[in-house]
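Chains as they are written, first to last, in my numbering: chain A, 750 to 1274; chain B, 4 to 326.
The hints are simulated quantities; they were obtained by calculation from the structure and are not laboratory data.
Mixed in with the good hints, there may be bad ones.
Claimed, not checked - Simulated coverage check for chain B against chain A, where a stretch passes if three residues somewhere in it have a Cβ under 8 Å from a Cβ of chain A: (1) 65 to 74; (2) 119 to 129; (3) 281 to 287; (4) 311 to 319.
What the hints assert, rightly or not - In silico EDC-like links for lysine to aspartate or glutamate, alpha-carbon gap of 20 Å or less: (5) Lys1191/A / Glu52/B; (6) Lys1164/A / Glu1189/A; (7) Lys1067/A / Asp1099/A; (8) Lys942/A / Glu52/B; (9) Lys1068/A / Glu1138/A; (10) Lys1250/A / Glu984/A; (11) Lys1116/A / Glu1093/A; (12) Lys945/A / Glu60/B; (13) Lys945/A / Glu95/B.
Glycine residues also receive a C-beta, built at the ideal position from the N, C-alpha and C atoms.
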Amino acid sequence: MDIDKMKSLVSAGKMGRRDFIQLSVAAGLTVAAGDNLFSATARATPKKGGHLKSAVGHGSTTDSLDPGTWENSHVGDLGYIPYDYLVEIDTKNSPAPGLAESWEASAEVDRWVFKLRKGVEFHDGKTLDAEDVVASINHHRGPDTKSAAKSILEIIQDVKANGKDEVVFELSSGSADFPFVVSDYHLPIMPAKDGKLDWASGNGTGPFKLERFDPGVTIEAKRNENYYGTAYFDEVSMLSVSDVVARQNALNSGNVDYIDRPDLKTISLLKRNPGLEIDQVTGFGHYVAPMNTTMAPFDNKDVRLALKYAINREELVKKILLGFGSPGNDNPISQSIKYAIDPEPRHAYDPDKSKFHLKKAGLDSLKVDISASEAAFAGSLDAAVLMSESAKACNIDINVIREASDGYWSNVWMKKPWCMSFWSGRPTTDWMFTTAYAAEAKWNDTFWKNPRFNELLVSARAELNETKRGEMYAEMQNILHDDGGIMVLMFNDFVTAHSKKLAHGDLNSNYDHDGGYMYRRWWFA
Amino acid sequence: MHPIVRTVLQRLGLGLLTLFVVSVIIFSSLQFLPGDFATSVLGQAATPETVAAFRRELGLNEPAITRYIQWIGGVLQGDFGSSFSGRSQGREREVMELIGPRLWNTLFLAGMTAIIAVPLALTLGITAALYRNSFYDRAVNATTLTTISFPEFFVAYILILVLATLWKVFPSLANVRESTELADRIYMTALPALTLTLVIVAHMMRMTRAAIINLLASPYIEMARLKGVSKSNVIIKHALPNAWAPIVNVIAFNLAYLVVGVVVVEVVFVYPGVGQLMVDAVTTRDIPVVQACALIFAATYILLNLFADIVSIVTNPRLLHPR
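Just chain A, same shape as in the assembly (with noise of 0.2 Å):
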């Protein structure tokens, strides 16, 4: 019998590690690497069963089940337990048939039509069709809505059902992306009563069934047996446990499998123990200084490529994210996301060039002011500091002031001239580039109006020819790197532990938790 015999007999779960290893010693190799083979190969293979008992950082005992309330991980896990959505996205940032089975564009993509999964049904034996996904939708629209989805949906013109398998979006304009939007975690897929959004029951269409929702406490599902796809636990629980050493305790203690945000400071203490296994993924969540463009002397592109210049974000990564994350380039777009590119030339430390474009902004030195508070991210008032360090060397003179948290997003951000922000990052280039950097957007926070850059943004989304729109998209990311306002000093990775018992594939990067899908992705081995 030859090794790949027999590892597709383990594959199928028909042969024990003992006849394995035997039978391996006796093709050549030594006990240990057959040892090795065996576990590498059982646990490659997905198979049915077992509790996985996860323990998040977050969770308030205010938390509902409304969707549209959804604000952090704990109660934002639950789209993807006992809900589906219409698109899901894979490991490869693309989006993927969730329940929709397929979907089309008409020319100007400012109408979409999404044909649903045939014969799924709900928890309750209900069967799903296009009023329910419809419900689901205008829960977060209108002028009653209380969605913090609300704005990202507001290019909808109209949803309507189309026969009980399609459904219809007229958008306001063309938006290439649009099924990303409808990905996003407050969008699940819930029946509808009565013409309204029936959330309060906890029935879904998804791999498990919700048998307890205590809100800041536990989340608990059992296998739903008529589930459409495949799911590989019988049942999940999940905690929220948001004190960080008493998360890494309960991991050591085998009291659950998997922890998201264990603390940093100790990591090499929790890689120590040899059951457990680390994740380091990065995300789109990044950390920046944006400057105001319209105000003195942000208002120079020398000055501010100057600035650019004079930060060490080697160093912010190193030292205030103890190396959990990757420099920035002044490019908001992380690395994993379509049509990204790495501009050049790189903004790295390089205090010459920074004295260079000071000297062609008509100055000698200087002094400038930055607000910072904790309110920012964590850190970064020390990452304001460490700035001016590496300034010093520029003859820039940056004053670090530290604001209060409290309302630091309403008194500070897109008030002062120059502060500290985090952006959570957003799956599309142009949803990111939509939000914050079109001269119109609401948040952007730069105030920067660059003509081109907003042309071809709106001609981009409208098109569908992929090689144009990513040389469009390359343009843009090159016009915000090199005339941008926006200093993107890090992106952080999400961070997680799990007990070695459970395995996975590749993980998604859209969101922590392997982008929520861990839940029906992940299993046993």
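Since the structure of chain A is already known, use the hints to place chain B on it.
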């Protein structure tokens, strides 16, 4: 009317008045919190329209005085209103439905801690007074003062390290629920109860010891000694009855603390108590829940103080006839 009954009724009346004042203070101070439920739930995604929709539904546009009268009127009829979070068409989440199970958990933890801590503190205090200045006395003092000097979370981490990670005696997560059996519940709550015991024993033990030692210098104790009463009987039969008043006050104070102030321990052990609920409610500005919690906490203090006073009076009738 028996003088004790009269005192109890008087105190209860005063307690109600205090509660009323407290309710006014709670309500008015909550008006000063920046932001409201709508802005805190929506966060960065808040738009003027969504905020307005929230405020309309929750009735936050009414003047403060109207809202106060509505609230206090409901409370007088035993209705604490409904929480701002988790509402839907035709369904509201009652505040008491939210607080009830958690309050029971908190009381259970407080009760369990009290059952361990109070007898332990009394025994240690009395024996320390009996053998005062001995090695035993010093050892007890040093140990209890050490445990009270560390912050609660540190004591909790040490206990978790020793009793949950190195030796897996107790679970590190105390996430009990309504359906948990009593035996399991006691087992799961062991570490938080032990932590709290270590934190509160010193205060009660030191007060017991001090109160007794203070009395040991009085002439009537000398008389007892002279007539040949044994050392332990002098303390238990003669000194202790007169020492109850200060001891009971300290016990009541600590019990109240167990009910209202253990949020740190709740967080470390993921124990679903009422402290975490109140902190979350304050963060999200879920005002009805905050108000109900604050009133319950105030009532706890008032009742426990009343209890302490009654015990003092019963053990020392002189207090009934103040001159």
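The hints, checked one at a time:
1. 65 to 74: Violated, because only 0 residues of the stretch 65 to 74 of chain B bring their Cβ atoms closer than 8 Å to Cβ atoms of chain A.
2. 119 to 129: Violated: only 0 residues of the stretch 119 to 129 of chain B have a Cβ under 8 Å from chain A.
3. 281 to 287: With 4 residues closer than 8 Å to chain A, the stretch 281 to 287 of chain B meets the three-residue bar; holds.
4. 311 to 319: Answer violated; 0 residues pass the 8 Å Cβ test.
5. Lys1191/A / Glu52/B: holds (15 Å)
6. Lys1164/A / Glu1189/A: holds (17 Å)
7. Lys1067/A / Asp1099/A: Roughly 18 Å separates the two Cα atoms, so the pair holds.
8. Lys942/A / Glu52/B: violated (25 Å)
9. Lys1068/A / Glu1138/A: OK: Lys1068/A and Glu1138/A at ~13 Å, within 20 Å.
10. Lys1250/A / Glu984/A: holds (15 Å)
11. Lys1116/A / Glu1093/A: violated (28 Å)
12. Lys945/A / Glu60/B: holds (17 Å)
13. Lys945/A / Glu95/B: Distance of about 16 Å is within 20 Å: holds.
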